[in-house]
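> Based on the hints, put chains H and X in the right spot on chain E.
Protein chains in written order, with my numbering: chain E, 1 to 527; chain H, 1 to 292; chain X, 1 to 315.
Each hint should be verified, as a subset may be incorrect.
Unchecked claim - Below, in silico cross-link-like pairs of lysine-lysine (BS3-like), each with a Cα-Cα straight-line distance of 27 Å or less: (1) H:K25 x E:K414; (2) H:K24 x E:K414; (3) E:K294 x X:K122; (4) H:K27 x X:K122; (5) H:K24 x X:K122; (6) X:K122 x H:K25; (7) X:K122 x E:K63; (8) E:K63 x E:K294.
To be verified - Listing some non-contacts, in silico: residues in chain X with all C-beta distances to chain H over 12 Å: (9) Q11; (10) P82; (11) E99; (12) T125; (13) G147; (14) R190; (15) R209; (16) G245; (17) R269; (18) K302.
Said to hold, decoys possible - Chain X stretches covered by chain E per the calculated footprint, using a threshold of three residues with CB under 8 Å from any CB of chain E: (19) 220–232; (20) 290–301.
The hints are simulated quantities; they were obtained by calculation from the structure and are not laboratory data. Just so it is clear, the structure is predicted and the values come from calculations on it, not from any experiment. No residue lacks a Cβ here, since even glycine has one placed at the ideal position from N, Cα and C.
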Amino acid sequence: MSLLKVSNLTTRFHTRNGVTTAVDDVSFAVERGEILAIVGESGSGKSVTCYSMLGLIPMPPGKIESGSAMFEGRDLLAMSESELRDIRGDEIAMIFQDPMTSLNPFLSIGEQLVEPLIYHRAYSRSEARVRAIELMEECGIVRSAERFDSYPHEFSGGMRQRVMIAMALITEPKLLIADEPTTALDVTIQAQILELVAKLQDSHDLGVIFISHDLAVVKELADRVLVMKQGQVVETNVTQALFSAPQHPYTQELLAAVPKGQKQSNDLTADSILLDVQGLTTTFLDRNSGQRFKAVDDVSFRVQKNEILGLVGESGSGKSTIGRSILKLVEADSGAVIFDQQDLLPLSQRQMVPLRRRMQMIFQDPYASLNPRMTVFDTLAEPLLYHGLATRKNVEGKVLELMDDVGLDRRAIKKYPHEFSGGQRQRIAIGRAIATRPELIIADEPVSALDVTIQKQILDLLVELVKKHNLTMLFVSHDLSVVRALCDRVMVIQHGKLIEFESTEQLWKAPQQQYTRDLLSAIPQID
Amino acid sequence: MSQAALMEAEQGTSLWADAWVRLKKNKLAVFGMSVVGFFVVVAILTPWLAPYAYEAQDLELGATPPSAAHWLGTDIFGRDLLTRIMYGGRVSLAVGIIATSVALVIGVAWGTVAGYVGGRTDAVMMRIVDALYALPFIIFIILLMVVFGRSMLLLFLAIGAVEWLTMARIVRGQVLTIRSQEFIEAARSMGLSTPHIMLRHVVPNSLGPIIVYATLTVPQVMLLEAFLSFLGLGIQPPQSSWGLLISYGAETMEDYPWLLIFPGLALSITLFALNFMGDGLRDALDPKASKD
Amino acid sequence: MLRFIGLRLLQAIPVLFTVITATFFLIRQAPGGPFDAEKPVIPAVKRALEAKYNLDLPMWQQYTNYLGDLLRGDMGPSFKYPGWAVHDLIISGLPATAELAFYALMVAIVIGVLAGVSAALKPNTARDYVPMSLAMIGICMPTFLLGPLLVLIFGFWLDWLPISGWGDLPGDKILPSFTLGAAYAAYVARLTRGGMLEIMSQDYIRTARAKGLPEHIVVIKHALRGGLIPTIAFLGPAFAGLLAGSFVVETIFQIPGLGRFYVQAAFNRDYTMILGTTIFLSTLIIVFNLLSDLLATWMNPKLRHQMSHRSGGQS
Numbered sequence: 001m002s003l004l005k006v007s008n009l010t011t012r013f014h015t016r017n018g019v020t021t022a023v024d025d026v027s028f029a030v031e032r033g034e035i036l037a038i039v040g041e042s043g044s045g046k047s048v049t050c051y052s053m054l055g056l057i058p059m060p061p062g063k064i065e066s067g068s069a070m071f072e073g074r075d076l077l078a079m080s081e082s083e084l085r086d087i088r089g090d091e092i093a094m095i096f097q098d099p100m101t102s103l104n105p106f107l108s109i110g111e112q113l114v115e116p117l118i119y120h121r122a123y124s125r126s127e128a129r130v131r132a133i134e135l136m137e138e139c140g141i142v143r144s145a146e147r148f149d150s151y152p153h154e155f156s157g158g159m160r161q162r163v164m165i166a167m168a169l170i171t172e173p174k175l176l177i178a179d180e181p182t183t184a185l186d187v188t189i190q191a192q193i194l195e196l197v198a199k200l201q202d203s204h205d206l207g208v209i210f211i212s213h214d215l216a217v218v219k220e221l222a223d224r225v226l227v228m229k230q231g232q233v234v235e236t237n238v239t240q241a242l243f244s245a246p247q248h249p250y251t252q253e254l255l256a257a258v259p260k261g262q263k264q265s266n267d268l269t270a271d272s273i274l275l276d277v278q279g280l281t282t283t284f285l286d287r288n289s290g291q292r293f294k295a296v297d298d299v300s301f302r303v304q305k306n307e308i309l310g311l312v313g314e315s316g317s318g319k320s321t322i323g324r325s326i327l328k329l330v331e332a333d334s335g336a337v338i339f340d341q342q343d344l345l346p347l348s349q350r351q352m353v354p355l356r357r358r359m360q361m362i363f364q365d366p367y368a369s370l371n372p373r374m375t376v377f378d379t380l381a382e383p384l385l386y387h388g389l390a391t392r393k394n395v396e397g398k399v400l401e402l403m404d405d406v407g408l409d410r411r412a413i414k415k416y417p418h419e420f421s422g423g424q425r426q427r428i429a430i431g432r433a434i435a436t437r438p439e440l441i442i443a444d445e446p447v448s449a450l451d452v453t454i455q456k457q458i459l460d461l462l463v464e465l466v467k468k469h470n471l472t473m474l475f476v477s478h479d480l481s482v483v484r485a486l487c488d489r490v491m492v493i494q495h496g497k498l499i500e501f502e503s504t505e506q507l508w509k510a511p512q513q514q515y516t517r518d519l520l521s522a523i524p525q526i527d
Numbered sequence: 001m002s003q004a005a006l007m008e009a010e011q012g013t014s015l016w017a018d019a020w021v022r023l024k025k026n027k028l029a030v031f032g033m034s035v036v037g038f039f040v041v042v043a044i045l046t047p048w049l050a051p052y053a054y055e056a057q058d059l060e061l062g063a064t065p066p067s068a069a070h071w072l073g074t075d076i077f078g079r080d081l082l083t084r085i086m087y088g089g090r091v092s093l094a095v096g097i098i099a100t101s102v103a104l105v106i107g108v109a110w111g112t113v114a115g116y117v118g119g120r121t122d123a124v125m126m127r128i129v130d131a132l133y134a135l136p137f138i139i140f141i142i143l144l145m146v147v148f149g150r151s152m153l154l155l156f157l158a159i160g161a162v163e164w165l166t167m168a169r170i171v172r173g174q175v176l177t178i179r180s181q182e183f184i185e186a187a188r189s190m191g192l193s194t195p196h197i198m199l200r201h202v203v204p205n206s207l208g209p210i211i212v213y214a215t216l217t218v219p220q221v222m223l224l225e226a227f228l229s230f231l232g233l234g235i236q237p238p239q240s241s242w243g244l245l246i247s248y249g250a251e252t253m254e255d256y257p258w259l260l261i262f263p264g265l266a267l268s269i270t271l272f273a274l275n276f277m278g279d280g281l282r283d284a285l286d287p288k289a290s291k292d
Numbered sequence: 001m002l003r004f005i006g007l008r009l010l011q012a013i014p015v016l017f018t019v020i021t022a023t024f025f026l027i028r029q030a031p032g033g034p035f036d037a038e039k040p041v042i043p044a045v046k047r048a049l050e051a052k053y054n055l056d057l058p059m060w061q062q063y064t065n066y067l068g069d070l071l072r073g074d075m076g077p078s079f080k081y082p083g084w085a086v087h088d089l090i091i092s093g094l095p096a097t098a099e100l101a102f103y104a105l106m107v108a109i110v111i112g113v114l115a116g117v118s119a120a121l122k123p124n125t126a127r128d129y130v131p132m133s134l135a136m137i138g139i140c141m142p143t144f145l146l147g148p149l150l151v152l153i154f155g156f157w158l159d160w161l162p163i164s165g166w167g168d169l170p171g172d173k174i175l176p177s178f179t180l181g182a183a184y185a186a187y188v189a190r191l192t193r194g195g196m197l198e199i200m201s202q203d204y205i206r207t208a209r210a211k212g213l214p215e216h217i218v219v220i221k222h223a224l225r226g227g228l229i230p231t232i233a234f235l236g237p238a239f240a241g242l243l244a245g246s247f248v249v250e251t252i253f254q255i256p257g258l259g260r261f262y263v264q265a266a267f268n269r270d271y272t273m274i275l276g277t278t279i280f281l282s283t284l285i286i287v288f289n290l291l292s293d294l295l296a297t298w299m300n301p302k303l304r305h306q307m308s309h310r311s312g313g314q315s
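Isolated chain E (complex conformation) (with noise of 0.2 Å):
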């Protein structure tokens, strides 16, 4: 008998604006001690699957419409909602995506612990304090007796990650359900948890669903995967036979959008350089402790012509507000940014403006980057309008030409950005940033927010016009293998400083520093 047996769910959500099916006819079966991942794109339905079983959808609006989840002979879907809740967080234990919102930050790390142990088990506070307390030093949070008492703010996002895979832990369940734990976090953590969750699950015998976007970690980790998309259950398979013969289409086409493989440098000529930045430094104030802090701290480097300059490190590094100094939407403190023979940095906002049209930048957060209330025209033809390219009798054409650029259907110029997906607003972005024919961007994490194909096709989509139109591209990023893949040279940013500085075939082949074999050994690999 499998641990759990899912067959034939089916859970859809009941709204104003009509039905949506979340889970369409699922069925997978966990064994006891296996590791089955669930991967799939956002809105996949891969989280509502595990939700629906647990009763943890809000219904209404949700509903189950039809289904068994046989957990150890009975069926969780069956079940009245106390008998539910003496299952879930016992035999049942989950951990999500987000550690710094999914403790209450009112109670203290050890109530919030103690509390399965309390209510499932009838421990009295002291014993269960001192499960806890092991259980926290299992997890490898160290001088868990001192920390008990801590509130989750006082703890990193890693700690936090830790803290609740102890809870979920406490009462030594026999399936763990695991959301996307490691999204939220840098890669060298995500390691570290993936360890964790890796060797827990052995030592006591666990069985896990672990629910992933990432194929690289899922490879590393699941025995078997579960492909969802639109709710549906599209192959399904054990880990080793799903990555070397995936059979469906669909897999096939995330398995071939994870980026892989390592960029060719070009034969770059030294002399061309486009950007010199000298002894950067940039200061921020601290709230806390009122003090500044250098957030980018004596950083030198050139970029070249046509080139794509990978910039990476761990969130906090700084990297972002290299790209910042250089633009001046941040001021630095002091050091040098040499473009066309001019220091940027004495300049002033009023005469930066002609220097504007030549440099440009691509955000991170396609929702965020738009001005809601334009339309694709309106932020399309501003630029264009303000550096006077274009009048208004051109600028119609201009416009269109641009969308035809970017990949942006022509009927939809009039469209707001909150009419399109996630992909199609970064190409309404990348088409604002081309649209002065700059010869520099700076790409501050302009895939990090998007799913994986469409990742691909933007990643695809910038090289492209690098090319065409001669960009030279700051390509700033945490994620190395979209790095290794799209630049020619790359930079290793830690704690505000440059400690690394290759060409991306040297700096795999043979890292110098700690720091980078560290970051790169971390790497969830998929070939």
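Chains H and X alone, transformed into the frame defined by chain E:
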């Protein structure tokens, strides 16, 4: 070519149009807007619509309950209550709208400057707001009315002067949120000037909450006016307002309850309608609801 | 922690000082002095009276004298009630007002929080619509309208409850307390509902449910702390509103409290009485604002942490 392409372009729906569709679906809000609209029109046309002249009184008649000649009855001086309520409504609505406008102008200017300029200017400006918040304003308004006599102008100014504080906070918060959005950075990286960014990018995106708050301020202001008038510290005879009518009605309610009930109904219905309208606008303009 | 509270108290001093100064000079601008009564007073008598109350001294001297007296807790004599000191009048009116405000606050908190929480737990059902519609009525039915109506219905028509007085007849405290508390119960209900809805949609509530906690534990232990913060922060302003409302309620129900004294003093141009009452009420309001602010801050562990480790902090 471009003309042909534009001809077949699909018309997009702006967020305003979206909000309008949502608002129209909200029956309570539509009801609220209709009632408010009706009252405003009546208030404007009162001199022509009112069944009796404002000063007309019939001392011999005295207080009578509702009848065919006097739909809502008469007061102890034989004055037609419907006429009194209509004229009183003019004053109450005017106070509501004018004092809200005062608050709107000061609050928006203050909040926008603080939010957009930021830094030390912002800190100083918001400290001032905080300090004023700590003052017990209701007591101060009463004091002002006592000291400087009960003039309408003073009432507008005094009430407006209290309500702008919240408005300034809301506007500043809104400007700060929008300012930190990436599309503002995009506009800056494009080299657009600050006035251009304010006009094209910041203002259109901060209007929603301002409209909502302004709508919800009107009933608050009307309440405050009625409160002061009830205490005898607001509108003075021969002028009239709903608060004043309620105050008179309360004095004689044992014998002539309609003198309390009808002005009370007029005030309550208007406040209801304004609140429903405000709540409906908030739901319709809520950016969270319109994100996806 | 103590230092934080101390600092906040210190910050309240300039506010209080502003109130005293502004009130003092405002009152002196008023047309018509306290002795410009209906019948003209003989100039010599008026001068004598003014000399007696030091009204003939230069303004700044009157001001410094007053500040000095104030520091000793002396608010001077009442101009209208000869032989009465202002602080005695305040003390005589305070118990009724304090009791009234306390009951009204209880009405507001108990009804408001229960209705708000209950509505938030079943949004868009009858359990939400009914109390929220009542709340809307409460907001649109101001104290000065609700009071007379309640008197009309329960006093005159049904004859169930006494219509005036405070502690003279059994049950005479019910109508005033409810009248004053009703509107605030409505505000509290709406705020609580909003706060609870916000919290109930947080990820950590899902976590609590995923742990299999009983629903009442999820609500009381996990949601209520965060959900009530906006309500608690509102209690300060609500208290100020209650005091102002007490002017009306005390007038309607003829309760011998501070509010009624204040309104009468305002009509009588009883300078020292207005000044004293304003200062007293303002102090109360400022202290209450401070308390509700401190409590709301303290309830958030992150802010509490900053409070105890770093004084000053953001407000």
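> Confirm or reject each hint.
Against the structure, the hints come out as follows:
no., hint, verdict
1, H:K25 x E:K414, "holds, 25 Å"
2, H:K24 x E:K414, "holds, 24 Å"
3, E:K294 x X:K122, "violated, 49 Å"
4, H:K27 x X:K122, "holds, 21 Å"
5, H:K24 x X:K122, "holds, 25 Å"
6, X:K122 x H:K25, "holds, 22 Å"
7, X:K122 x E:K63, "holds, 17 Å"
8, E:K63 x E:K294, "violated, 52 Å"
9, Q11, "violated, 9 Å"
10, P82, "holds, 21 Å"
11, E99, "holds, 20 Å"
12, T125, "holds, 16 Å"
13, G147, "violated, 8 Å"
14, R190, "violated, 10 Å"
15, R209, "holds, 22 Å"
16, G245, "violated, 8 Å"
17, R269, "violated, 8 Å"
18, K302, "holds, 20 Å"
19, 220–232, "holds (count 4)"
20, 290–301, "holds (count 3)"
In summary, the structure is inconsistent with hints 3, 8, 9, 13, 14, 16 and 17 from the numbered list given earlier, while agreeing with the others.
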